[in-house]
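Peer 1: Whole structure, please, built from the sequences with the hints as guidance.
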Amino acid sequence: MTAQVLVLYFAQSVELTGLKEEELPDVPTPISSRDLWTLLLRRHPRLAALQHHVILAVRQQYVAVGDQVVTLADGDEVAVVPPLSGG
Amino acid sequence: MTAQVLVLYFAQSVELTGLKEEELPDVPTPISSRDLWTLLLRRHPRLAALQHHVILAVRQQYVAVGDQVVTLADGDEVAVVPPLSGG
Amino acid sequence: MSEEPRDVFKLSRDRLSVQEVVDAVSSASCGAISVFIGTTREDQVEGRKVIGLEYEAYELMAQSEFTKLCDDIRARWPTVTHICIHHRLGWVKVGEASVAMAISSPHRGDGQQAVQHGISQLKAKLPIWKKEVYDTQEASWKENGE
Amino acid sequence: MSEEPRDVFKLSRDRLSVQEVVDAVSSASCGAISVFIGTTREDQVEGRKVIGLEYEAYELMAQSEFTKLCDDIRARWPTVTHICIHHRLGWVKVGEASVAMAISSPHRGDGQQAVQHGISQLKAKLPIWKKEVYDTQEASWKENGE
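Protein chains in written order, with my numbering: chain E, 62 to 148; chain Z, 62 to 148; chain D, 126 to 271; chain A, 126 to 271.
Incorrect hints may appear among the rest.
[Unchecked claim] Here are the simulated lysine-lysine pairs, DSSO-like style, with alpha carbons at most 30 angstroms apart:
hint, chain 1, residue 1, chain 2, residue 2
1, D, K256, Z, K81
2, D, K248, Z, K81
3, A, K174, E, K81
If you are wondering where the hints come from, they were derived from the structure by calculation, not from laboratory data.
Peer 2: As structure tokens, this is what we get:
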């Protein structure tokens, strides 16, 4: 199975990808968050600068990059979340 | 020796004495703060309602009612300080 | 580049302006402003309803005790930059602010602790009194730390 | 007589109004409003001078994380009445406020602790980012808890 998801980039990841968002039409699902990150990394090799510092958000819930498996549906939001610095 | 002091009343002591301030022309000095309080109590017996709850201020410095001896000069301010409730 | 520390104290019969208290401590060298505002709470006391508070102060002495309070805060939290307290006098009806305290500091931990300590000390040391006034026309003098 | 608790969150490119944040939590049942204001500090980083911060947020998610933050505060301090956070986005120059948080509570201890915890959680959990901008035109993304 695959899903069409909307990937949102924030902060440093906007500068590294040159994008604020993009549609990804064929993301395999279910998928581990680590594989999801690897897929983004393949599209945008400069995201490697965030390796070990980044987490993801899937449908607006944080997901650490690791073994956790997420199920994606068409239209889901996936966000790249560099280290937070609000306040 | 005696001194002429200005006695200031605040909060409940205004209601008990009916006064906001008064001049006392012949206060003995040096005098213990307990004797100073007793002297005020003799002038205004209703101040007994504050007994054990009151402290004094002499030249704008707090003085507990007790053995401490204060030296008064003409024009000095003595204040009757009921329990504080600022804030 | 370091600023002269400011200690600002005001007793006033006018409504308190939080903005004014915050502006009094603002500083380009500070990342944190910690503020406390004390307001008159709607309260029932023995079946009577509190409609407001009546405040009075020994004004000159309050100013000198405020200076001591600031010295004490600066001794405990040396990074504190500016300190401001505005306290109302006279009639303060339910829902309105009676006191506002603001402290600026480079980082937030010190300022927040300093405000907590400052408000406790204000209640314990500043010669200010309040009388609770009830809807029955009765009134009673309050005591902090009861 | 007890009020419905209010949780108020606003992200905005306009200057923050402390008065608006305080008014959002005011309540006749509360005697205490605890406030924290975070401002942009004038700073030197490796010989460059910070002239301001540029903020961005994942806005919808920030709103839902704010709701979780409020639930967490109310679980820890059940007496907390109202909670308000305003956070700026976009350009915030040195000396201006980037965040203001206010909490009302019947008594002051709970509200002061809740604000401290709330600001820590905001920095740890809300999807908001800032970039420090220097007088050399350079900039660098910040990380909380560095």
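Peer 1: Against each hint, give a clear statement of whether it holds in the structure.
Peer 2: Hint check results:
For the suggested pair D/K256 and Z/K81, the alpha carbons sit about 16 angstroms apart, so the restraint of at most 30 angstroms is met. Distance restraint check for D/K248 and Z/K81: the Cα-Cα separation of roughly 22 angstroms lies within the 30 angstroms cut-off, and the hinted pair is therefore satisfied. The suggested pairing of A/K174 with E/K81 holds, with an alpha-carbon distance near 29 angstroms, which does not exceed 30 angstroms.
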